[in-house]
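Chemist: Protein chains in written order, with my numbering: chain Y, 1 to 509; chain P, 510 to 1148; chain Z, 1149 to 1422; chain R, 1423 to 1521.
Any given hint might turn out to be false.
What the hints assert, rightly or not - Residues from chain Y that keep clear of chain P, each with C-beta distances beyond 10 Å, as calculated:
id, residue
1, E58
2, S71
3, G155
4, G159
5, G177
6, L219
7, R360
8, G361
9, E444
10, A490
As the list claims (entries may be wrong) - Cβ-Cβ distance ranges computed for the label pairs, FRET-style:
id, chain 1, residue 1, chain 2, residue 2, range
11, Y, A21, Z, R1340, 53 to 61 Å
12, P, A1136, Z, T1322, 31 to 39 Å
13, Y, A21, P, L591, 44 to 52 Å
14, P, Y1127, Y, A21, 34 to 42 Å
15, Y, A21, Z, L1227, 42 to 50 Å
16, P, G989, Y, P476, 48 to 56 Å
17, R, V1486, P, Y1127, 16 to 24 Å
18, Y, Q194, R, D1478, 37 to 45 Å
Calculated directly from the structure, the hints in this document are not laboratory data. Here the structure is a predicted model, which means the values were calculated and not measured. Note that CB positions come from ideal geometry on N, CA and C, so glycine has one too.
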Amino acid sequence: MTFPWLTTLIVVPALGAVLTALVPRGLEVTAKKLALFIALVTAVLTVIATVAFVRNGEPVQFVEQYAWVESFGVYWALGADGISISLIALTGVITPIVLTAMWREAEAERRNPKPFFALVLLLESMLIGAFAAKDVLLFYILFEAMLVPMYFLIGLYGGPQRRYAAVKFLLYNLLGGLIMLAAVIGLYVQAATQGRGTFLLADLVALDIPQSTQWWLFLGFMFAFAIKAPLWPFHTWLPDAAAEATPANAAYLSGVMDKVGTFGMIALALPLFPAAARDFAPAIVVLAVISILYGALLAIGQTDMKRLIAYTSISHFGLIVLGIFALNSQGAAGATLYMVNHGLATVALFVIIGFMIVRRGSRFVADYGGAAQPAPVLAGSLLFAGLAALGLPGLAPFVSEFLVLVGTYSRYRLAGVLATVGIILAALYILLLYQRTMTGPARESTAGFPDLRRRERLIVAPLVALLLALGFFPKPLLDVIGEGVQPVLAEVDVGDPEPLVPAAEGTVP
Amino acid sequence: MTLGEIGEQTVSTAGGVFSAAWLLIVFPLIGAAALLLGSRRLDRAYGVLGCMAPLASFVVAAALFVAMLGREPEQRAISVPLYDLFAVGDYQVGVGLLVDQLSIAFSLLITGVGSLIHVYSIGYMAHDENRQRFFGYLNLFVAAMLLLVLADDYLVLYVGWEGVGLASYLLIGFWQHKDSAAVAAKKAFVVNRVGDFGMSLAVMSMVVVFGTTAFAGVFPAAADASEGWLIAIGLLLLLGACGKSAQFPLQSWLLDAMEGPTPVSALIHAATMVTAGVYLVVRSAAIYAGAEPAQTAVVVVGTITALMGAIIGCAKDDIKKALAGSTMSQIGYMMLAAGLGPAGYAFAIFHLLTHGFFKAELFLGAGSVMHGMNDEVDMRRYGGLRTVMRTTYVTFAAGYLAIIGIPPFAGFFSKDSIIEAAFANNFVAGLGALVGAGITGFYMTRVMLMTFFGERRWAPDAHPHESPSVMTVPLWILAGLSLVGGAALLYVGGGIVQWLEPVTGEEHVELGIPVWAMTLVILAVVLVGVAVAWQIFGRQPLPVTAPAGSPVTVAARRDLYGDAVNEAVFMRPGQYLTRSLVYVDNRGVDGAVVGTASAVGQFSSRLRRWQTGFVRSYALSMLAGAAVVVIAMLLVRLP
Amino acid sequence: MFAQAVEAAGHTGEAVVFWSTAPIAVLSALGLVVARKAVHGAMFVAVTMICLAILYFSLEAPFLGVVQIVVYTGAIMMLFLFVIMLIGVDVSDSRVETIRGQRVAAVLAGIGFGLLLVAVAANALVSEAAGMAAAQPEGNVAAIADRIFSRHVWVFEVTSALLITAALGAMVLTYRERLFRRPSQRELAVARFRRGGTAASPLPSPGVYARHNAVDTPALLPDGTPSELSISPVLVARGTVRPAEQEAAQIEQLEQQVVELTGEPLDESTRERP
Amino acid sequence: MSPTPYLVLASILFTIGGTGVLLRRNALVAFMSVELMLNACNLAFVAFARMHGDIDGQVAAFFVMVVAAAEVVVGLAIIVTIFRTRRSASVDDASLLKL
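Looking at chain Y on its own, in the form it has when it is part of the complex:
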């Protein structure tokens, strides 16, 4: 028996959440420090696990399986493939950053920061669990349970409309989750009629489900994932939630938590229902393309910075979904890499916008202007994060975006072309934001803008470093992801399109 990495990664933050919650009143700073310490420990553990994973080289590792409810075939089954481990690493790395970013936000609003820190740790534990789950019911439970901490995070710490946003968030996601529950049960029934009733992913993938049944079950799963991801037209909860939540929380929401949706698509929906995935792929590609363009156009039209970033996320999630349903290795690997990269870029954007909001006390673009002069480092950070988000080559999201587009283009030409239009729009929304907030003559409102402080630089620095590193050297991560994506694609069994012109003899392999 090897070291139970995944259970450890789930338990440590969960335990940390409990410990943080138990810190007595009046010791808020201790609670924050404790939570941050736990988050850092988890981050270190995820990094070690990831490195161990990469060095080992097996496609699926850290497998753990214990019977949970044996009579229903429910297992505490965990395992990491390339897709899981990269998202787990993302979660592990982002959490301490988000906590550090929240350090002062909570104080500014004079609310007790302890629950925020405890809830984020709890959420982290659930996220890692969902990414590692190899049992459909376990995944479902975590998928739904993580709504609860996020509901409180939005509802307790958000802006003036936070209750509305929190309820909207919860209702939307619950609706999706319930429909998914029906599909999960349907899946179990399928398994039961074909032999042993089980929720174990590997057994369910091996089932031979009739096509029409696959359709319904696939739609059930996809509905939940499309809401979580979020895909047009199920997206309207995200702008509200992101706008009302604190920037750090919005970062965690769209940077990490929403990835569960796209993760579910590639890790569950595709291998479980390959035939349905093939049948529905064109329709979903259409929705994804609409998401890309629609999100980008709406981002251009926003006046609220946080809403703007939320809409860019919708656009980027469109790209991720597009890559997944291109059903080839470039698209799928690119989409998975994009999940990681979008996490980094969006968190950076939200966090930096949070710094701006702390300084000015407003989230509206019109209240800023000319801030680059008093605060050049802040401006530079915003520009850097923005450039990453718009897919500037050399920064991490570019490689993933390009792979997604290549994958799509090689199968759906028109969709590929339309999705590429998104890169023009991306430049518009990011640069308009930068131009309106940072450039121009210095204004009274931004005259006294302090530049980034030490803590804030500490938050931005690792994000910048990661975005650069993954931009110029994505190979190690992409190799791992490629390994993870391969079995999924083998299950869907579509195969990459061959190049039209076979490679000439004598070229470099």
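On the provided structure of chain Y, position chains P, Z and R as indicated by the hints.
Modeler: Quick look at chains P, Z and R alone, frame taken from chain Y:
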């Protein structure tokens, strides 16, 4: 070991000095990182720090060049693989450098002219408090540009391509406290992105068609690909080139880009970056070889832009914008030549290099004038400067003679070659190029006359003075290059045509008339342009405020309505679309959801009345429920 | 033959018991529903329960029959009665239905549900009773005890926990926390005088007559009028107060009798006049 | 004797008890009606016990009695508490548990 073929030569692996080619890019990258991330204390040594990197790169480039000279002409293409970027499925991309005749020529231009402009900037930017950042951006630009020309894979090229776009954005908006600069920077980036749209699609199409984007994979296989795909890729690459090189219809950003500091205009928006489109077309010779319509499109775009830029240049009173129009026009020439296929590739590069010399010279000269005139850019406020700024005047004149093509200045050789090749290929293109040459004579003479001759129309507080030597030395060097560069490139050794032949291929077309006759005709047309300008601007005093002018002048002043068209066709409908979509999202999509929610809420509040709170009502419904269950059990007869 | 006869006799006996108790049970159950006073309802229920206890006996469940009487009728119904006393034994419920349609709906639902149940029970595929003889060879109590303490011991333990919880719950629910200090007797007296309105002295005792002295007879004041304060208002409400005039009228008669018996005239000074 | 008459009797008593709950406002009477329903069930249990010849039915009835006793204790305590505060034993008065 051979690594396949590019152009008509085999590619060999790196060895010796070539394996250090990566230093070329790394030096300016380190410089940029040090200047941008380093502490403010580096500011004191900004000049040395800023110039060290491009000079070091220049030394490396020169060393590579010398090493390349020592090899057989067919062995001069050297591949320097660095590391694997990624491998997904069957598609893999490695970061590597391709050092061959074409890329080394570019490298020398970029690092050479780049170094001179860096040195010049020491003086020009001496009083700017953000000069450290400025040099950081410049170094970043040099690194990106070198990556662009040295990459051996279209995807890596694209990284450099966007890198220079970013540097351009940062530098145009360098004085970001000016709204106009910020807007211009954003416009440049966005318009470039439209070009990148084509560029991305071209690269993606290559993956679809060839399964690879490496030069070594694409070029040999290009001959086997269907013509339709080649035309598509060719046109998409052209779209990318149009964006970067400010060719019609994506030309509008270049004139606004003059908001940046003048050395930037010289380095990026005249000598190097804007020529990247030409490089791209020439580099993709193998693709255009099988796509005749795409080539024609290149010629058409080049010709239109050459004339457009020239016409715009005629009407501008802003000296930098006049020169920017000229840059558009000259790059149009290069594109035109590049569209002619193997017959014109070498001439395109030849003109590109000489243009790099004299246009940098002209911009730096203009910068020098501005430096002396309190950053005044309106030529109607100049006049009679030849006596107070002698060095600038003399060196500017060298650039002037070079651009209008007076022998033996550099432009004469390169432009003549292009016009001749154009005539040999297509009469209309040739005629366009010829007319363009005439207009060039006109507007450059206008610039010259308005700036250095005539009476002094200076602003009252202007005290023109010569620039410091740190600025004039680069002017002298560039003036020298403008004088001898053309002849040297054409005749020293085998000349540039022969040098590039392994990369671009060779095709000789016969001109209908003798070469000397053609040369005379061109010279005559140019002289007519000069004479007309003299007639208008040299012989009578110039009003300080611009006269209304003819409709043509007005149109030219407004960049031939390029911006107006963009605004009417893209911006306004775009804004309308965005605004209406925001409305639709709030009211339509979200409205549907919220509407459903409130409908459920209303239904529930109706239903709520059933909840009387009386235990006995609840008991009644329980009893009814029990009855229903019993009935259901009876009906189903559960075991 | 004999066995059959015994069985038949058993059957007949059982039928007699059943048909004589069942109607009583049903009628007194209906009585519960219609009785206006809770006390009457409680009595009706007790009757029903006793009937059921009898039926238990005839169903070969003597233990349950005894428990039914002891626990249900004896303990639980007593508890009900206590509460009824607490709440007010003389309150009778109003017959007016306050929830619209409730009565009609309840009656309809009751009849419908009853018919349904009866139909189900009557049509159920039941076998002839197997009898308890085999199940309780050592007697009913022993069999139940055996089963409770073996197979159902867990349930039994849980039930005991439930009982304790219930007892605690009842105590907690009925415990009235004293929010203020209990006033001393002195304070109560002071408060009473402050309040005024009532006599400072104790209320007058009821009338004392030679013939008849009881709480339902008012005392006579010196002027011969009856004192309202001397009788409990409860009795007044019930209307069971004897009028004092009646007693006064009898006084003459009494005097006469006394004189006749003793032969001495009465002392005029001690006479009371109504 | 067949258990059918006992079952019918149990059904009738159960229904009468149910109707009592529905009709009577007095909490005590409603409560006694519930007791009646429980007793009806007990009768059915005992009848079935004899039909099957199994003591378990009686055991179940026994447990029902115990639970009923517990229920009565708590229920009456609640009624007394409510009566103390509201001076009323009507179940209709306790109708505040609604929006």
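Chemist: Against each hint, give a clear statement of whether it holds in the structure.
Modeler: Results for each hint:
Residue placement check: E58 of chain Y keeps its beta carbon more than 10 Å from all beta carbons of chain P (closest about 19 Å). No beta-carbon of chain P comes within 10 Å of the beta-carbon of S71 of chain Y; the shortest separation is about 21 Å. G155 of chain Y, annotated as away from the interface, keeps every beta carbon of chain P farther than 10 Å; the closest lies near 17 Å. The claim that G159 of chain Y is not at the interface with chain P holds, since no C-beta of that chain comes within 10 Å of its own (minimum 17 Å).
Distance check on G177 of chain Y: its Cβ is at least 16 Å (rounded) from any Cβ of chain P, clearing the 10 Å threshold; non-interface status holds. Once the 10 Å rule is applied to beta carbons, L219 of chain Y is consistent with being away from chain P; the minimum gap is 19 Å. For R360 of chain Y, the non-interface assignment is confirmed: its Cβ lies about 18 Å from the closest Cβ of chain P, beyond the 10 Å cut-off. The claim that G361 of chain Y lies off the interface holds: its Cβ sits roughly 23 Å from the closest Cβ of chain P, which is beyond the 10 Å cut-off.
Every C-beta of chain P lies more than 10 Å from that of E444 of chain Y, the closest at about 14 Å, which supports listing it as non-interface. Distance check on A490 of chain Y: its Cβ is at least 12 Å (rounded) from any Cβ of chain P, clearing the 10 Å threshold; non-interface status holds. For A21 of chain Y paired with R1340 of chain Z, a C-beta distance near 57 Å keeps the hint of 53 to 61 Å intact. The beta-carbon spacing between A1136 of chain P and T1322 of chain Z, approximately 36 Å, falls within the hinted interval of 31 to 39 Å.
A C-beta distance of roughly 51 Å is found between A21 of chain Y and L591 of chain P, which places it inside the suggested range of 44 to 52 Å. The hinted range of 34 to 42 Å is satisfied by Y1127 of chain P and A21 of chain Y, whose Cβ atoms lie roughly 38 Å apart. Taken as a hint, the range 42 to 50 Å holds for the pair A21 of chain Y and L1227 of chain Z, whose Cβ atoms sit roughly 46 Å apart. Against the hinted window of 48 to 56 Å, the Cβ-Cβ separation of G989 of chain P and P476 of chain Y comes to about 50 Å, which satisfies the hint.
Between V1486 of chain R and Y1127 of chain P, the C-beta spacing of about 23 Å keeps the proposed range 16 to 24 Å intact. For the hinted restraint 37 to 45 Å between Q194 of chain Y and D1478 of chain R, the CB-CB distance of approximately 39 Å keeps it satisfied.
Violated hints: none; the structure is consistent with every hint.
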